[in-house]
Amino acid sequence: MKEDLKNSIDFLNKKTGRNSGFSVPENYFSEVEESIFAEVTTTSFSKDTGFTTPNDYFNNLEDSILNSISTPQKKSKIIHFKSSLLKAIPFVAAASIALFITLNSFFFKESTTFSLDSVSQNDIENWLESKTFTNTEIANVIGDDFLKLNDFSFTEIKTENLEDYLTTMDTQELLNEIEN
Amino acid sequence: MISEITLIEQLKNASSKNDAFRELVKQYKERLYWHIRKIVISHDDADDVLQNTFIKIFKNIESFNQESKLYSWMYRIATNESITFINKRAKEKNIDITDVYKELAGSLESDDYFSGDEIQVILQKAIATLPQKQQIVFNMKYFDEMKYEEISEILETSVGALKASYFHAVKKIEHFIKSKTD
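Taken in order, these protein sequences are the chains called A and B. Quick note: the first sequence uses my numbering, first residue 1, plus one each step. Quick note: the second sequence uses my numbering, first residue 1, plus one each step.
Hints in this document: simulated from the structure, not taken from any laboratory. For each residue, glycine too, the CB sits at the ideal point set by N, CA and C. Heads up, a few of these hints could be off.
Estimated spans, in silico, between C-beta atoms of each pair [unchecked claim]: (1) A:Gly50 / B:Glu145: 46 to 56 Å; (2) B:Glu62 / A:Asn19: 31 to 41 Å; (3) A:Asn19 / B:Gln132: 20 to 30 Å; (4) B:Gly106 / A:Ser70: 49 to 59 Å; (5) A:Gly50 / B:Pro131: 45 to 55 Å.
Modelling step: build the complete structure from the supplied sequences, incorporating the hints.
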């Protein structure tokens, strides 16, 4: 039996080189120690989170959820951007006119006194067509009171919308609004 | 290298347990890994079982009664964890343990962490045909070249039974390889 076993083992050695063929990832044995320590450490952590719930919470939960599903929900107020914008444009346009008049009187006119009458409709239209307004310029003219309007607190009025309004509106109507 | 008696004392002492455990892992991780690997085949599974083994060693070191060598005790834990793993896999898949081993051996050719050539694949497939305990005896004797007395202490089986088990294992594997290569 011993000889028989020895011959069989010699055969296996010759065929396989006594090699199982298994290998490991690079650096596995240098890295496995830390993962073992981490695992051992976490086993000492308490599984109890400490969180508690009110009495009968889970017993009442189902009813609570079903009730909230069946209760009609309040519709929240929707603020339409377009209507907000349309409300703002006359004010901004008026502010633009005021800005024009102010600049006109300081930089373009020799006379120290001025009035709306001294500014022609053509002047206003020409100036509006040539000027690109930033929101900062408009804000500086119209002041802080305007900003208290809730509709516009978080709205930035685009220049192209303002220009569209100005080109379609009657200029005389704007001047009347400023006078009033 | 620290003596086994000193290491055990330190492991059983709360103040030195962690450091002693680090030393234990350092000394025995590779030997235990390869023993586990030959049973469960896959590297990822062997990694899981190795971690579980060391967790169990850490948790139960106070109850180690020193009736056997520390290494034999650890080796026994590793063997039992590996067997439990395979048995659990068989139960989950609702198949026989032998079929689990055949599946595992069959996947070796595409395994990233198997660098053997065709003959090693045939060898592993041959081992997979053996009963579970015979596989373990063969691996410990043929690859690890352990003495029968050491294997006996670990598997709690008599030396005589081990010798018979090993003989049968070798003959079956030889026959399998010859049938696949001749």
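Going through the hints against the structure:
{"no.": "1", "hint": "A:Gly50 / B:Glu145: 46 to 56 Å", "result": "holds, 53 Å"}
{"no.": "2", "hint": "B:Glu62 / A:Asn19: 31 to 41 Å", "result": "holds, 40 Å"}
{"no.": "3", "hint": "A:Asn19 / B:Gln132: 20 to 30 Å", "result": "holds, 22 Å"}
{"no.": "4", "hint": "B:Gly106 / A:Ser70: 49 to 59 Å", "result": "holds, 57 Å"}
{"no.": "5", "hint": "A:Gly50 / B:Pro131: 45 to 55 Å", "result": "holds, 49 Å"}
Violated hints are absent here; each numbered hint is respected by the structure.
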